[in-house]
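There are 2 protein chains.
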Amino acid sequence: LDREKIATQTAGERLARGWRFQPPISKLYLELLAPTANDNASDLARLTRALKNQHYDNIDIDFSVIRNVAAIVREANWEVTATIVRNAACPRLIKLEPGDTRSHLYSLAFDIGTTAVRGQLLDLNKGRILSQTIDYNGQISFGADVISRIVQCQKPDGRLNLQRAVVGTINTLIGRMTKETAITLASIDHIVIAANTVMIHLLLGLDPQHLRLSPYVPAAGAPPLVKARSLGIDVGEQVYCFTVPSVASYVGGDIVAGVVGTGIYQRPQVTLYLDIGTNGEIVAGNCDWLVTAAASAGPTFEGGGIKHGMLAISGAIEDFELLAYTAEPGITTIGHEKPKGICGSGLINIAAELLRNGLDGWEYVLVWAADSFSGQDIVITEVDLDNLIRAKAAIFAGCQTLLKSIGGNSNSIDEVIIAGTFGSRINIENAITIGLLPDLPRDKFIYIGNGSLLGARLCSFSNDMIADCFKVAALMTNIELSENNDFMENYVAALFLPHTNTRELFPSVKLGVEP
Amino acid sequence: LDREKIATQTAGERLARGWRFQPPISKLYLELLAPTANDNASDLARLTRALKNQHYDNIDIDFSVIRNVAAIVREANWEVTATIVRNAACPRLIKLEPGDTRSHLYSLAFDIGTTAVRGQLLDLNKGRILSQTIDYNGQISFGADVISRIVQCQKPDGRLNLQRAVVGTINTLIGRMTKETAITLASIDHIVIAANTVMIHLLLGLDPQHLRLSPYVPAAGAPPLVKARSLGIDVGEQVYCFTVPSVASYVGGDIVAGVVGTGIYQRPQVTLYLDIGTNGEIVAGNCDWLVTAAASAGPTFEGGGIKHGMLAISGAIEDFELLAYTAEPGITTIGHEKPKGICGSGLINIAAELLRNGLDGWEYVLVWAADSFSGQDIVITEVDLDNLIRAKAAIFAGCQTLLKSIGGNSNSIDEVIIAGTFGSRINIENAITIGLLPDLPRDKFIYIGNGSLLGARLCSFSNDMIADCFKVAALMTNIELSENNDFMENYVAALFLPHTNTRELFPSVKLGVEP
Chain Z
35 LDREKIATQT
45 AGERLARGWR
55 FQPPISKLYL
65 ELLAPTANDN
75 ASDLARLTRA
85 LKNQHYDNID
95 IDFSVIRNVA
105 AIVREANWEV
115 TATIVRNAAC
125 PRLIKLEPGD
135 TRSHLYSLAF
145 DIGTTAVRGQ
155 LLDLNKGRIL
165 SQTIDYNGQI
175 SFGADVISRI
185 VQCQKPDGRL
195 NLQRAVVGTI
205 NTLIGRMTKE
215 TAITLASIDH
225 IVIAANTVMI
235 HLLLGLDPQH
245 LRLSPYVPAA
255 GAPPLVKARS
265 LGIDVGEQVY
275 CFTVPSVASY
285 VGGDIVAGVV
295 GTGIYQRPQV
305 TLYLDIGTNG
315 EIVAGNCDWL
325 VTAAASAGPT
335 FEGGGIKHGM
345 LAISGAIEDF
355 ELLAYTAEPG
365 ITTIGHEKPK
375 GICGSGLINI
385 AAELLRNGLD
395 GWEYVLVWAA
405 DSFSGQDIVI
415 TEVDLDNLIR
425 AKAAIFAGCQ
435 TLLKSIGGNS
445 NSIDEVIIAG
455 TFGSRINIEN
465 AITIGLLPDL
475 PRDKFIYIGN
485 GSLLGARLCS
495 FSNDMIADCF
505 KVAALMTNIE
515 LSENNDFMEN
525 YVAALFLPHT
535 NTRELFPSVK
545 LGVEP
Chain P
35 LDREKIATQT
45 AGERLARGWR
55 FQPPISKLYL
65 ELLAPTANDN
75 ASDLARLTRA
85 LKNQHYDNID
95 IDFSVIRNVA
105 AIVREANWEV
115 TATIVRNAAC
125 PRLIKLEPGD
135 TRSHLYSLAF
145 DIGTTAVRGQ
155 LLDLNKGRIL
165 SQTIDYNGQI
175 SFGADVISRI
185 VQCQKPDGRL
195 NLQRAVVGTI
205 NTLIGRMTKE
215 TAITLASIDH
225 IVIAANTVMI
235 HLLLGLDPQH
245 LRLSPYVPAA
255 GAPPLVKARS
265 LGIDVGEQVY
275 CFTVPSVASY
285 VGGDIVAGVV
295 GTGIYQRPQV
305 TLYLDIGTNG
315 EIVAGNCDWL
325 VTAAASAGPT
335 FEGGGIKHGM
345 LAISGAIEDF
355 ELLAYTAEPG
365 ITTIGHEKPK
375 GICGSGLINI
385 AAELLRNGLD
395 GWEYVLVWAA
405 DSFSGQDIVI
415 TEVDLDNLIR
425 AKAAIFAGCQ
435 TLLKSIGGNS
445 NSIDEVIIAG
455 TFGSRINIEN
465 AITIGLLPDL
475 PRDKFIYIGN
485 GSLLGARLCS
495 FSNDMIADCF
505 KVAALMTNIE
515 LSENNDFMEN
525 YVAALFLPHT
535 NTRELFPSVK
545 LGVEP
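Taken in sequence, the protein lines are chains Z and P.
Residue numbering for the first sequence is 35 to 549, as defined by my numbering.
Residue numbering for the second sequence is 35 to 549, as defined by my numbering.
Read the hints as simulated data drawn from the structure, not as lab findings.
Source: prediction; values computed, not measured.
One thing to keep in mind: the hints can contain errors.
As the list claims (entries may be wrong) - Lysine to any residue pairs mimicking SDA-like chemistry, simulated, CA-CA at most 20 Å apart:
(1) Lys-86/P - Leu-259/Z
(2) Lys-261/Z - Gly-266/P
(3) Lys-86/P - Asn-121/Z
(4) Lys-86/P - Ala-508/Z
(5) Lys-505/Z - Gly-266/P
(6) Lys-86/Z - Lys-505/P
(7) Lys-261/P - Ser-60/Z
(8) Lys-86/Z - Ser-60/Z
(9) Lys-261/P - Asp-96/Z
(10) Lys-261/P - Trp-53/Z
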């Protein structure tokens, strides 16, 4: 699999079809009639008359637009450019500039993850990414996971503090991208944000407490457009934020964005979409139906609960091979530095290699003390493997349950899309070997990188895609796994490497020792 | 004429016909479905679903509404009241309250005059005025007339200072009315403002400089809805201000409001509408056509340019009678206090009485020094009379010019409506005697008091009336008198008491000395 080639910035543009390149904001160049003694209608009337000629009959006008209308229309001799946002109930005039500024049409796309925030500065005329950047979500100091952040919100000023923290991160990213490209803040006209439901609540300052209480009701699944400035985002006063709608408390706009961005809902073929992190979000479906579930994988894939686990950063053991004849370990670390620990994708590769070679035991030493960064042995333990088994079982059982809910199984799948930063590091062969991913022909697997940001970008490029987000969110049926008997059965059966039913479910997996 | 009876608060409601009592804001009581395990859609989705059931399919939602949606819907067990504003391009949800609050629906109507601001607090359920109040426009310290205020705007912070001044007055009036009625600020949901074009520009912070430069182009004739808070008006964050659209730089929303409020545009009969102050705004028309003009009467009717002139306040000579046989003056003052000077309506009455009795000369003493407040004679001079003649000539010639522009004359008029504070003090008989008003049967004259505030109130009661404001503003043809030859001829001919052509134009006027 050529993961680098497929996971380019245009993966989504290639996958999703049938959308017009027609951004939610557009600029209209208008030549207004200069006033005469016989026609001294107001500046604003001249503007709305010109908009009517362009078939904008019923348009809302942001009051801020007219504050300096007299100066603007005269500055460029009655030739102006009007910026209109189209993804509201009515089109809305948000900005007026002297002269012809159509060549400048910029926007921002963000994915707000619980751990990291990713941003892209887009040129909406060319459909291009001009700059992209990433940073830790400033909310991390209030808790690593969504639950602890929801709890934090119940404290005095909790909601405000969490909102400010993530907006601070967003502003940092904006500052970095505008500096890099020399594009001014004032020329950015729109923002699209995709994120999980909790992150959206915290960004917008909504009360998230009911997200974690049965029956898990968000305050808003499809929040209305909101002025970016009113959230504290440092852009022009004309800018509205569109947040991609969510399906449920634990299936957010990030997943909807991924489904829309990859065009799953447009094809008759059945796709399995996996975004694996602390939560493994799973979607299965095609143009007729979509089911989704959040499988709680725990922190294993991010190195949590593993004796020498760590994030996939410099020094993490990512690949592993038992050398022939000697059975000595050969490891590869990220950045080729001295090994510090094991990341999630490394854990999968290690487990698969051990499994293929029939090695098991209480503890296996990957790196001897003399060779490690800390000067201590780096080992993988039985407990580590148990945690990995529980995590992969949750994901695999989630997939099975989803597919069974629509009367199918692994064989119903035409294509598997692996999304997310962790996903893009997974070795498919090894993930199948340990029973994390279904045993399908390898060419059915596609990596797309960050699906949420991909969707946010496509929504910035196409109002059709925004409309499709609402369609997809409404079409998706959420299955609560925690209350599902099928899931519990599938989960228990999956608590084995690769599976209790290897022969039927994982026929291609060859193990050193037959179970 | 029973001026007290006609000039009641319901004069407009009586005159204008065919409008539904359907305010631009309305409250909907909604019983939302409580969430269950099988239906855990978001709080906002439950709300929009309920709105859809009430036929609000395409509705914009102010973001502020959803900030506390989770708490509000649960506070009253999923029974809420939604407040919707209907006079935008799309209906817009502006407020959500727990429980059934339909019995509380309040709004404000304002007339912003150059000199004074008048406000009313309205109960939109009952169609009633709960409180009304008046105060000087805080902008007076920046200049008495509109021109000096426009000039003031060109100074640093000029626009901001003038905006703050009038908003300060508005806030004072709001404070007074809410205190008197014990209605909370938070329960006021809408504001309608009618004013002349300059006052609207200054209120909204728009650049007014082109209003006084040929070809007299306003920045905005029909400004969009604006959040009251963004102007500094001290009400809830949900409140939008609607400003009645204007026709031209010197024919403002106050006149449009008067025309709409009095239903002139609804009747086949031809009405002449006069709002006489520093500017005499004149409208003539019916359901098929409407013409309008602003005749510059100067400050005479407000006591300006008159030796002992003053505003119509306590101590002003308002009525005057030459006692039979002695020809001694008998005067009446406002408040029956010691005489201080002569107000505009007094001046008309004095001139008419002198004219009827054939008295003229260099100076006439109305009050001897011993009887006056200041201890000096109060006199009326030849210069005073000349100023009065010029002022009344401008108004009368304006009327003639307007009527001729549509091929008519005084005989085309079925009804004369006298609007404005000054207007409501005029003695019709005397105003005809001096040639200010056309010589028509006296029962054709109707006083309505402040027409602008009347229209603002009706717009608060009826969305139909708001729609009609736009129709009327578009239908009205403005005639610039300053550049009109007819007007100049009529003006010169009217520079006589009552007129150079008394026999034809003022047949009913009997003078002591035939001209």
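**Item:** Hints not upheld, ascending by number
**Value:** Hints 5, 7 and 10 are the ones this structure does not satisfy, whereas the remaining hints hold.
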